[in-house]
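Asks: Start from chain Y and add chains A, C and V according to the hints.
Protein chains in written order, with numbering that gives the first Met the number 0: chain Y, 0 to 281; chain A, 0 to 281; chain C, 0 to 281; chain V, 0 to 281.
Keep in mind the hints are simulated off the structure, nothing from the lab. It is possible that some hints are incorrect.
As the list claims (entries may be wrong) - Covered by chain A, according to a simulated footprint, are these stretches of chain Y (three or more residues, beta-carbon under 8 Å):
{"no.": "1", "region": "131-139"}
{"no.": "2", "region": "154-161"}
{"no.": "3", "region": "213-226"}
{"no.": "4", "region": "230-242"}
Idealized CB from N, CA, C, for every residue including glycine.
Here is how the chains run, residue by residue.
Number of protein chains: 4
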Amino acid sequence: MTTAQVKKPYLLADRKNHPEDTVVTVGTGDGCEPVKIGGGNFQIMAGPCSVESDEQITEIAAAVAAAGAGIIRGGAYKPRTSPYTFQGLGEEGLELLLKVKKLTKKPIISEIMGLSHIEEYSHVDIFQVGARNMQNYELLKALGRQEKPVLIKRGISATLRELLLSAEYVLAEGNKNVILCERGIRTYDHYTRNTLDLSAVPILKEMTHLPVIVDPSHATGRAELVAPMSLAAVAAGADGLMIEVHSNPEAALSDALQAIKPEEFAKLAAQIEAIRPFAYHK
Amino acid sequence: MTTAQVKKPYLLADRKNHPEDTVVTVGTGDGCEPVKIGGGNFQIMAGPCSVESDEQITEIAAAVAAAGAGIIRGGAYKPRTSPYTFQGLGEEGLELLLKVKKLTKKPIISEIMGLSHIEEYSHVDIFQVGARNMQNYELLKALGRQEKPVLIKRGISATLRELLLSAEYVLAEGNKNVILCERGIRTYDHYTRNTLDLSAVPILKEMTHLPVIVDPSHATGRAELVAPMSLAAVAAGADGLMIEVHSNPEAALSDALQAIKPEEFAKLAAQIEAIRPFAYHK
Amino acid sequence: MTTAQVKKPYLLADRKNHPEDTVVTVGTGDGCEPVKIGGGNFQIMAGPCSVESDEQITEIAAAVAAAGAGIIRGGAYKPRTSPYTFQGLGEEGLELLLKVKKLTKKPIISEIMGLSHIEEYSHVDIFQVGARNMQNYELLKALGRQEKPVLIKRGISATLRELLLSAEYVLAEGNKNVILCERGIRTYDHYTRNTLDLSAVPILKEMTHLPVIVDPSHATGRAELVAPMSLAAVAAGADGLMIEVHSNPEAALSDALQAIKPEEFAKLAAQIEAIRPFAYHK
Amino acid sequence: MTTAQVKKPYLLADRKNHPEDTVVTVGTGDGCEPVKIGGGNFQIMAGPCSVESDEQITEIAAAVAAAGAGIIRGGAYKPRTSPYTFQGLGEEGLELLLKVKKLTKKPIISEIMGLSHIEEYSHVDIFQVGARNMQNYELLKALGRQEKPVLIKRGISATLRELLLSAEYVLAEGNKNVILCERGIRTYDHYTRNTLDLSAVPILKEMTHLPVIVDPSHATGRAELVAPMSLAAVAAGADGLMIEVHSNPEAALSDALQAIKPEEFAKLAAQIEAIRPFAYHK
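Pulled out of the complex, with its shape left as it was, chain Y reads as follows (with noise of 0.2 Å):
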């Protein structure tokens, strides 16, 4: 390596050295319909925080693929600020998305907390990096080994540069099949649970080949800016979005503030396939 690829060291992820765009398929085996992200290829995943039972999947998951969803998310281990709140259903949840992944035939996304968790995910299609999670870097270098996708949440305080090089590490280690997802940073301002940083998204696809996408409800933590900020996120170039579904929100095991219902859901993915043919682009 040269001095310049020292200071700039996102080697692989850098669109410098990869012009054209990556675009990654998603889902394999299980019966289900393999989709693409990047290059052109919209996706939105969208589905509860967590998998809480197997009629609360099973609906949700449904009523999102019919909308438009092509992706089906649902946390089965959770992360928790408190060691003393719901932690997910576990195993049990992983065997209830891939339930719902042969009913809808979409892949699956879910959040992994660590490496003992490795195996039990084979039926995930997208290994889900939480933003707590981003530089982990024992977790990042064996998913690297692995070849399904990984989806990268950016870390509530990182940067643009941190972010490419925690990706850097999953490249180094052979798997090309990186996603980003910003979903807010930590700011002075607690009107929303995050600050929703779109200036991200045509930063980041200027910065590197690697597809972007947007999570409207973590970032704001509040429905009701679900639909505005998925919106901009669109008309800001995003590749994909992710959106927390509950067909009831207050009764919601986790996040409950921030779930839109599935009818809100069909609306809002409508709007978007009307407002994505004037999105930027370069």
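Replies: Just chains A, C and V now, kept in the frame of chain Y:
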């Protein structure tokens, strides 16, 4: 006042006490055509950061007016962090703005730095209060006793409540023509000059009836981000945009990196027009 | 000016151009005893947030003067986020401050909110520029044409360079008696009102020859943190402290949570005196 | 659990449920002399950022032990933002740390990056959880099942509540030997690497019974600020300090700018000893 009112004291700015959108009419006299902003009326304010010369302001103003800008912007007295950098043309700048107003028939917005300039600004159609003066209460009170519209930019670390309370200082003195402007907040992230907080748009429009516009030029400080962030701001529901345009950005006496060229502005104005029907609204 | 000077343009504030510490002399006329600050001279400025009544200010001023405060603080015109909260006693407050000055023979510091008050402040010994007005250049220039010392509080999100450039506005007009004050910056952390940035003390003292003091009361907003943060500020090398004291904090008309009682101040002043010989100095 | 407990759920860390200070004993076996931290016991942890060679670690460890450090620090596996920078000597580094421990008879602290290293760390006396792993719950739970002390560094944007909840993950698994470390938070201000939040010291000591130390080296990232910030941390009531020392800072393989030399450390250790009797305590 009751205790409840003391706790949420932006009484006049509060949408709860004034459910319908305020529509501000801009431009009277000097032969200009008045324009409206708010309540479904969308305006682009465009022009150079600073008025630099007769040729410069005339050329840019004519170009942006032709491309669809409803209001011309230009700085005469400039707030500069250092006392040793270009402080604006002052009185001469104001005269050039009046000339341009007569030529284009478009109203003029220009930043006012203090009490002592109010009389001098008699031909300026919107008093712009900059981010540094958002809590200059002496100035806000004085502008509250004027009749012309006042545009208040969000302070570099102001909460939305603080912004509304600054608006309240103007409203409480009798001037009801207040426009709010999101222009980025200061965060740890230094890829952009500031972090554009677009969720402020739907939140402010829920909190208040006043028009809310976005300034992507100062927010990002980078010309290549002006287009994606303008489209995103429109998608999020903004009532207008303030965009810096310069015929020769490299030679601009201030803010050279963030100005776009007249031909780029013309292209962007058309994209804005195209995306507007798909923007978020409640 | 050379290019190098333009890049680091706080020429008059820069320690490189003025290696020895500036010593500011405070207090002339009205029978008060002048005090020095900077260059090894340490001063505590103490008193209530706002002057509320003759009894209140007289009692507190006498107590803090007896306990070791060299300068009395008290607000006459108060910058308040809301136009509907107590705005200070105004002219009557200034008269009470003059009375107290004659009584205690201690100089007075009081915040000035704008141009229009300069004449009224003829008996105030230090013009305090609040955090909200740190970049009110019209005010800074006007105070630069005065002879009395100017204390500039760091803006809520100001960098140290911006603080020095605000000082430069005063110095460039001819007034060399500038004191800087660290009073906390706005961060995501809301346990304290602001985050006291004590590393600003040794950094500023390296960058500039001007005296640097610390205001732990406004920085933390919590009375129980005033003592530990005062001792820490002294240990870090501060030239002085500004501390809010109130005989009956619960009943204070502003900033009730952060004021300490006169007896707590007396105990703290003794602890400050004891720790001073062990403070950092280069 | 009652609702009240759920709202403030760091039950085991909470001082309300455990009023007396926790005293953590560090160092067992390998012939080292155990030391105590907390409850009036003050310790300095000092040494290089990374173990680089036998000579390097032996020289520095002997020097800091002689000057008063109670615990030796040194990194074997290093968390690095980039996958291409020096990642530590690994196993060899751990062997050198054991050698140094036998030589100086001082306990050792070293950062642990993940589950897979726990067994390898059998001779390390304190498991250090770095800022990037503060919310790596898989790691925290595993360390909670160990007996040796765990030092948790505050995440780069963690609130104090989040820090205590991470401690709670360890405590809830049965390990009561937790030490907290303030090491600076990420703010807009880039003069220092991070902003040292010293008010965290008295606040944490009010919230919890666990020992609280300060790392001025990582907080500021600048060697010349280590002395003033160490003295300030002691004045604010810290139970200890973690200080980076290197015999030849310019040649250090990591964090070259923030290490002080052994002779500077010796001088600082004496100043710390001198100021301690005047530090804040409740």
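Asks: Three residues or more, CB to CB closer than 8 Å: is that satisfied between the region 213-226 of chain Y and chain A?
Replies: holds (count 5)
Asks: State whether the coverage of the region 154-161 of chain Y by chain A holds or is violated, taking the criterion as 3 or more residues with Cβ-Cβ distances under 8 Å.
Replies: n = 3 at 8 Å, threshold three: holds.
Asks: Within the region 131-139 of chain Y, is the number of residues with a Cβ closer than 8 Å to a Cβ of chain A three or more?
Replies: violated (count 0)
Asks: Would you check chain A against the region 230-242 of chain Y, counting CB to CB pairs closer than 8 Å, and say if three or more residues qualify?
Replies: With 7 residues close enough to chain A, the hint holds.
Of the numbered hints given earlier, the model fails hint 1 alone.
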